[in-house]
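Enquirer: The listed protein sequences correspond, in order, to chains F and E. The letter at position 322 of the first sequence is residue 322 when you use the UniProt record's numbering, and the numbering goes up by one with no holes. The letter at position 78 of the second sequence is residue 78 when you use the UniProt record's numbering, and the numbering goes up by one with no holes.
Honestly, the hints are just simulated from the structure, not real lab data. Even for Gly, the Cβ is constructed at its ideal location relative to N, Cα and C. One should not assume that every hint holds.
[To be verified] Rough simulated footprint, nothing fancy, chain E against chain F, three-plus residues with beta-carbon under 8 Å: (1) 22 to 35; (2) 209 to 215; (3) 218 to 229; (4) 275 to 283.
[To be verified] Derived lysine-lysine pairs resembling DSBU-like cross-links, with alpha carbons at most 35 Å apart: (5) E:K193 <-> F:K2; (6) E:K193 <-> F:K224; (7) E:K380 <-> E:K193; (8) E:K375 <-> F:K224.
[Stated by the list, open to error] Pair ranges (Cβ atoms, derived): (9) E:D5 <-> F:P116: 39 to 45 Å; (10) E:G296 <-> F:P35: 41 to 47 Å; (11) F:P268 <-> E:G296: 56 to 62 Å; (12) F:M1 <-> E:H183: 44 to 50 Å; (13) E:G326 <-> F:E55: 56 to 62 Å; (14) F:P268 <-> E:L192: 48 to 54 Å; (15) F:M1 <-> E:E101: 35 to 41 Å; (16) F:G195 <-> E:G326: 50 to 56 Å; (17) E:K383 <-> F:L327: 54 to 60 Å; (18) E:R16 <-> F:G149: 39 to 45 Å.
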Amino acid sequence: MKLVPSQEQRELRAAVRDFLAAASPPAKARQGHDPEVYARLNGELGLSGLIVPEEYGGAGAGFAELAVALEETGAVLLPGPFLATVFAAVALTRAPDKELLAGIAEGRVAATLALPGADVTADDTGRLSGTLPQVLSGMEADVLLVTAGSALHAVDLTAEGVTRTPLETLDITRGQARVVLDGAPARTLGEPADGIADRLAVALAAEQLGVLRAALDAIVGYAKIRVAFGRYIGSYQGVKHKLADMHGKLEQAESIVRYAAWAADEAPDELPGAAALAQAYVGRACFEVARDSLLLHGGIGYTWEHDAHLYFKRAKTDEVLLGPPRLHRARIADLLEL
Amino acid sequence: MNPADYQRAARDWLERNVPSEGRADGDPIAQAKDFMARLYDAGYSGITWPERWGGQGLTQEEERAFAAAARDFTLPIYVFSIGLGMTGPTLVDRGTDAQRERFVRPLLRGEEIWCQLFSEPGAGSDVASLQTRAERDGDDWIVNGQKVWTSVAQHADWGLLLARTNVDVPKHKGLTMFVVDMHHPGVTVRPLKDMSGRSNFNEIFFDDVHIPDEHRVGDVDDGWSVAVTTLLHERLSISAGVGMGGQKDNPASLEALRRTVDTSDPLVRDELVELHIRSRALALFNQRLAQETEAGVFPGARGSAAKLLLAELTLYQADLATRLAGPESVVGGHPLGTVLSTAPGLALGGGTNEIMRNIVGDRVLNLPPEPRVDKTVPFKDLKVGTQA
Chain F
1 MKLVPSQEQR
11 ELRAAVRDFL
21 AAASPPAKAR
31 QGHDPEVYAR
41 LNGELGLSGL
51 IVPEEYGGAG
61 AGFAELAVAL
71 EETGAVLLPG
81 PFLATVFAAV
91 ALTRAPDKEL
101 LAGIAEGRVA
111 ATLALPGADV
121 TADDTGRLSG
131 TLPQVLSGME
141 ADVLLVTAGS
151 ALHAVDLTAE
161 GVTRTPLETL
171 DITRGQARVV
181 LDGAPARTLG
191 EPADGIADRL
201 AVALAAEQLG
211 VLRAALDAIV
221 GYAKIRVAFG
231 RYIGSYQGVK
241 HKLADMHGKL
251 EQAESIVRYA
261 AWAADEAPDE
271 LPGAAALAQA
281 YVGRACFEVA
291 RDSLLLHGGI
301 GYTWEHDAHL
311 YFKRAKTDEV
321 LLGPPRLHRA
331 RIADLLEL
Chain E
1 MNPADYQRAA
11 RDWLERNVPS
21 EGRADGDPIA
31 QAKDFMARLY
41 DAGYSGITWP
51 ERWGGQGLTQ
61 EEERAFAAAA
71 RDFTLPIYVF
81 SIGLGMTGPT
91 LVDRGTDAQR
101 ERFVRPLLRG
111 EEIWCQLFSE
121 PGAGSDVASL
131 QTRAERDGDD
141 WIVNGQKVWT
151 SVAQHADWGL
161 LLARTNVDVP
171 KHKGLTMFVV
181 DMHHPGVTVR
191 PLKDMSGRSN
201 FNEIFFDDVH
211 IPDEHRVGDV
221 DDGWSVAVTT
231 LLHERLSISA
241 GVGMGGQKDN
251 PASLEALRRT
261 VDTSDPLVRD
271 ELVELHIRSR
281 ALALFNQRLA
291 QETEAGVFPG
301 ARGSAAKLLL
311 AELTLYQADL
321 ATRLAGPESV
331 VGGHPLGTVL
341 STAPGLALGG
351 GTNEIMRNIV
361 GDRVLNLPPE
371 PRVDKTVPFK
381 DLKVGTQA
């Protein structure tokens, strides 16, 4: 089990962090998706191709590397289809398609993945019909991957027979769309492999870890400069002790994310339990820390202009992204054979 | 030897050598010493300690492999836990070569038992306000005062003693660390009964106890920095469970509870899932700290976060188990009643949860310190303990 990032992973983190600090700081997140930043993210850093196998033009890296990158994109609340494209790439690396994987690796194609349980059917000619009420980054993505019958299909979202409607999202930094397929042309990619849902859970937990860390950093920084009753608020135990508890959540969340990423790369037997643990613990901890960070900021944290609510809302959106959190807990109960 | 082989060999050894409960001959200390000697001779005591002083000079990898092998056993080494987890590492870090030569090997081999003498009736969380005096007398120091909450002192041969050597400077600057002979005339050990009804800790009185200057650890009046070393080791050893054995015999563990409570009830299932989540979260954090240590990153004050989390988990787990078991858990000496009665100990010993939060806030998050009214005042002018 490997719980400490390697030198190379730390270098990757530093490169992604430096890039995002200049190109997409949190203050920019509320402006939404910036295609130019997204193109540079994939061009200069090759992030979209990180886990794409080398034979398709990607870096062929593992989840340990992916987790480090997602932490950083999460920490700045990066808008746009990065996480959605990661989800699609995860599904594709388990059911490879040369054209799509090459497009993702080059940064030409932004993709998204319909979450399991979509009510979509294929007709005799392979055209798809059905309604997907919530598709992550559905307006920004070029291609939708969706399971119909027993096969994974790729749908060009600009094709005829596809209607996309942007949704009003609680998280203003990253969009979702309602997608209606009405005889939409599709390419059949084959059977989706097992373990995709677990890998999505791990990838999402890495983003959540970044959101958690940034929310904690923000309030720790503020507690060192904000003065009340003649003292920095961070010197009061009423504040300090809460921050210490939040730090404990960060330490445990990070440990779980490293473990789950290792399991995704190296220990398939442990992956289901690690993935469910990652969502059950990190998803909750991320929201709790974002909530307490907002509260400890005082009135300013409740304002629209402050970033605290952006973290609060991303944390909540992420917590429920893969379904109600009780599903992860039920999965743990099943795996423990309780 | 690779870790898997090391673990297998350790497991084989433990199976052959850990005494079964029925074999106790009435003297648990003799049994513990006998076991510790065999553990040392087999190479499983002081696994990561320097070879020069009697350790094995191996890495955290072997230490972890041994811990994994030992998880299914209850090792009778509780009386050595203070020496192995706290005072021994302090001597390795801060002692003189003569002190290491004299004390470390007998400690690792279980020939001598150690206790730690920091807390006093008037100095608990604020341990630097302690009043026990050590006064210079030629080549000796003469100690007078009282210590409290001292685990295993009734069995101890040696104690690591923090005493005041200068009252004219601020409280942190007038302390010195010593090794004291617990068999010396003038040392009185009185057991204290804790809330579980057991007497694991004691109060100690020192009346004109002589300590040779060669048993001073660190410089005169620099005892606080030595104490900080000890306390760091204390928190790490508590969170890593040194000498505590595994969860095997814990009736509040998930494995025990799943056998004794009705898991067909979805509410019970969810409670057990929560226990699993919290236990795994902390176990993985501890493993990560161990791997970082192995990679040369000393966890320092982050060990206090691990200790705080363990204290909270322990109390939560005991509380949960009794709620799941229901009324039977509070009558007839039920094992869960005992678990519940001992659970608060971890949240108090080795620094309270509140002190752990202060440490995490001050030294991990670098938050501004609480204003301190006593920081620059000479000790003799402070209102502490029995000092008016």
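Enquirer: Each hint should be assessed against the structure and marked as holding or not.
Expert: Hints, one by one, checked against the model:
no. : hint                          : verdict
1   : 22 to 35                      : violated (count 0)
2   : 209 to 215                    : violated (count 0)
3   : 218 to 229                    : holds (count 3)
4   : 275 to 283                    : holds (count 3)
5   : E:K193 <-> F:K2               : violated, 44 Å
6   : E:K193 <-> F:K224             : violated, 44 Å
7   : E:K380 <-> E:K193             : holds, 33 Å
8   : E:K375 <-> F:K224             : holds, 21 Å
9   : E:D5 <-> F:P116: 39 to 45 Å   : holds, 42 Å
10  : E:G296 <-> F:P35: 41 to 47 Å  : holds, 43 Å
11  : F:P268 <-> E:G296: 56 to 62 Å : violated, 31 Å
12  : F:M1 <-> E:H183: 44 to 50 Å   : holds, 46 Å
13  : E:G326 <-> F:E55: 56 to 62 Å  : holds, 60 Å
14  : F:P268 <-> E:L192: 48 to 54 Å : holds, 52 Å
15  : F:M1 <-> E:E101: 35 to 41 Å   : holds, 38 Å
16  : F:G195 <-> E:G326: 50 to 56 Å : violated, 40 Å
17  : E:K383 <-> F:L327: 54 to 60 Å : holds, 58 Å
18  : E:R16 <-> F:G149: 39 to 45 Å  : violated, 59 Å
The earlier numbered hints that this structure contradicts are 1, 2, 5, 6, 11, 16 and 18.
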